[in-house]
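Novice: The primary structure of each chain is shown beneath.
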Amino acid sequence: MIEFKNVSKRFGTTVALDQVNFKFEQGKITGLFGPNGAGKSTSIKMIAGLNRADSGEVTVDGKAPRISRANIAYLPEIDHLYPWMTIKQAARFTSTFYADWDEAKYNELLNFLNLHPKMKIGKISKGQRAKTKLLLTVSRRAPYLLMDEPLSGIDILTREDIIDAIIKDYREGEQTIIISTHEIAEVERLVDEVVFLDNGRVKLSGSAEELRAERGQSLVETMKEAFRYVNQ
Amino acid sequence: MAYDSSRPIFRQIIDDFQKQLVRGELKQGDKIPSQREYAEKARINPNTVQRAYREMETMHMVETLRGKGTYITVSEQMLADIKFNLAQKILDYFIREMESLGYDYARMIKLLHSEQDQRRVENQDD
Amino acid sequence: MSTSKLKMFFGLYAKDMRESIPEIAVVATVAVVINVIFYLRVSQPESAVAPNALLLLIIPALMVMGLAVFLPLISSFKLLGREWSNNTVYFIMSLPVSGAMILGSKLLVLLSQYVVGTLIAGMTGLVLIWNVIPEIIRFISGQPHCFSLVLLFYLLSAAFLIYLISISFLSQIVGRLSARFSGLITALVFFLTLYIVGKINDFTSSLNIRMFADWYTTPLGSLLTANLMVLLTATVIFTLAVAIYNRKVEL
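Each protein sequence line maps, in turn, to chains P, L and Y. With my numbering as the guide, the letters of the first sequence map in order to residues 3 to 234. With my numbering as the guide, the letters of the second sequence map in order to residues 3 to 128. With my numbering as the guide, the letters of the third sequence map in order to residues 19 to 269.
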């Protein structure tokens, strides 16, 4: 389980997170939603150990994030791979660092996503790069999978491939996935739990199915409502 | 199958299987797709599918045999119950909608009777 | 798949080496070119300089070493800075390895550049002065400790490179603490550190000279001490850089 306890963070004068409290339950897929600048990326980076809370505490299985990096698979929004590497080289490189690397899964996903090991990362299209990032992150049996805007800026067919790959790979109850996105409609049917962030604060959180039962509306509608309220 | 995002999805999965049973598309002993197959085909969260399947097992609608798959285990009684429950839901919807149109029970029954007569005539003409 | 710290370190080393191949080629080429130019000039019959065999060895060696230190230093800014400009820092920072391994492998790569560069240049030089070698060998066998002196001197140059690279890493990492003024802060910290260490060095050398009086004054002794002092300083600076990277740098 990942827990944020009274976490605050600011970058210069901008408040990224303001005393937030939430939990990411084990074995569930949680959607971290909110407009740009809400604090989603900051939260995810905090779990991956790429930045630190100014106050409050973030724990992964009760320990500090930096210690838990071996258990975390992080998919950043940014293109973070070495452009001179081929997919095969990048896979080889990644596998030396993680005991949970799954070669069989890698080969399976490679085919499923229509990628070739000899492709040079710097030379392929944006959609293929997004798929490559996903491939390398997900070819592991990592207990925690963090995805920061995995679908943004990608054509619709590639997006579907990515969602299919996530579903295909997911091990119910074993893997904990956190997906941050502002394209809620795309992941509407993918998430178990949701956390809505706005201006560094939690606007709403809970189980997706319960929210649907309670409110009789989709998550997209619920979010629009939550934010319309604020912007009035 | 199209899912309505404004209602709990796991319920819709169960409802869908029930409809298939009621229509006779699925019968006692038939094998249904595994959770994984279902999730991949429908492109929804495997956890949600798992919840639906578990619920169906609790309802004794299906049974999962290790290594073999999931099979329908509805008894005649249960099928009748399912049909009855679905009929109730449809009736409930009908009554609410008719009432909102201003029909009371007497008028509803009168309408049903006239509809029944009309259909009998149409059938005879065929 | 099994992983071990050693495998991970080697993985990082191989990755950085692969990225640095063009730079290694440059260092080697420049070193060879310098050698060749020097020897060509010196072996001109019109040359006023009578080529003393020893000079033939020492001067180019010094020139090559100077350049072989300078070029990797420049590389060090590229090797580390590139991680940020390519955004690959998001990759390595999320890896389950300490900053010590990340910076350590880069340090090793830059040292390798130096070693390769000087070795290639050295061998080219030897080829060029082929006819003078017997004379040199005669000279060397006449001098005790000659070999160890040369070795220590070479090690000292490598230690000095390590020292400069450590400062380069430290200044770059401190620079990364600021989003807007990285370049400026990097340059500032770089020269400031050089200055401070220089001052400390002046201060301590005035103390040392009385302590190790006899031993210190032999060439061997002074070279050894110098080596140790430089490496010690480099270690302190490197450790500081690693600590700041591990604890303070954020994305």
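To be clear, the hints were calculated from the coordinates, so they are not data collected in a lab. All values derive from a computational prediction rather than experimental measurement. Treat the hints with care, as some may be off.
[Claimed, not checked] Cross-link-like lysine-lysine pairs, in silico, DSS-like; alpha carbons within 27 Å at most:
(1) Lys90(P) to Lys25(Y)
(2) Lys107(P) to Lys70(L)
(3) Lys25(Y) to Lys7(P)
(4) Lys7(P) to Lys170(P)
(5) Lys122(P) to Lys217(Y)
(6) Lys30(P) to Lys122(P)
(7) Lys266(Y) to Lys23(Y)
(8) Lys25(P) to Lys65(P)
(9) Lys90(P) to Lys23(Y)
(10) Lys70(L) to Lys112(L)
(11) Lys96(Y) to Lys90(P)
(12) Lys65(P) to Lys96(Y)
(13) Lys205(P) to Lys226(P)
(14) Lys128(P) to Lys96(Y)
(15) Lys90(P) to Lys7(P)
(16) Lys170(P) to Lys23(Y)
(17) Lys25(P) to Lys120(P)
(18) Lys33(L) to Lys43(L)
(19) Lys266(Y) to Lys107(P)
Novice: Confirm or reject each hint.
Specialist: Verification of the hints:
Distance restraint check for Lys90(P) and Lys25(Y): the Cα-Cα separation of roughly 18 Å lies within the 27 Å cut-off, and the hinted pair is therefore satisfied. With a CA separation close to 23 Å, the supplied pair Lys107(P) and Lys70(L) stays within the 27 Å bound. At most 27 Å may separate the alpha-carbon atoms for a hinted pair to count; Lys25(Y) and Lys7(P) exceed this at roughly 36 Å. A C-alpha spacing of about 33 Å is found between Lys7(P) and Lys170(P), which places the hinted pair above 27 Å, so the restraint is violated.
This hinted pair does not check out: Lys122(P) and Lys217(Y) have alpha carbons roughly 49 Å apart, beyond 27 Å. Between the alpha carbons of Lys30(P) and Lys122(P) the distance comes to roughly 34 Å, so the proposed pair goes past 27 Å and is violated. For the given pair, Lys266(Y) sits about 23 Å from Lys23(Y) by alpha-carbon distance, which is consistent with the 27 Å threshold. Of the supplied pair hints, the one linking Lys25(P) and Lys65(P) holds, its CA atoms being roughly 14 Å apart against a limit of 27 Å.
Taking the CA atoms of Lys90(P) and Lys23(Y), the gap is near 22 Å; set against the 27 Å cutoff, the hint holds. With a C-alpha separation of about 53 Å, the suggested pairing of Lys70(L) with Lys112(L) is violated against the 27 Å cut-off. In summary, the hint linking Lys96(Y) to Lys90(P) is supported, as the alpha carbons are separated by about 25 Å, within the 27 Å threshold. Among the hinted pairs, Lys65(P) with Lys96(Y) is inconsistent with the structure: their alpha-carbon atoms are about 35 Å apart, more than 27 Å.
Taking the CA atoms of Lys205(P) and Lys226(P), the gap is near 12 Å; set against the 27 Å cutoff, the hint holds. With a C-alpha separation of about 26 Å, the suggested pairing of Lys128(P) with Lys96(Y) holds against the 27 Å cut-off. At roughly 40 Å between alpha-carbon atoms, Lys90(P) and Lys7(P) are farther apart than 27 Å, so this suggested pair is violated. Taking the CA atoms of Lys170(P) and Lys23(Y), the gap is near 32 Å; set against the 27 Å cutoff, the hint is violated.
Among the hinted pairs, Lys25(P) with Lys120(P) is inconsistent with the structure: their alpha-carbon atoms are about 40 Å apart, more than 27 Å. At most 27 Å may separate the alpha-carbon atoms for a hinted pair to count; Lys33(L) and Lys43(L) meet this at roughly 16 Å. At most 27 Å may separate the alpha-carbon atoms for a hinted pair to count; Lys266(Y) and Lys107(P) exceed this at roughly 36 Å.
This entry does not satisfy hints 3, 4, 5, 6, 10, 12, 15, 16, 17 and 19, going by the numbered hints stated previously.
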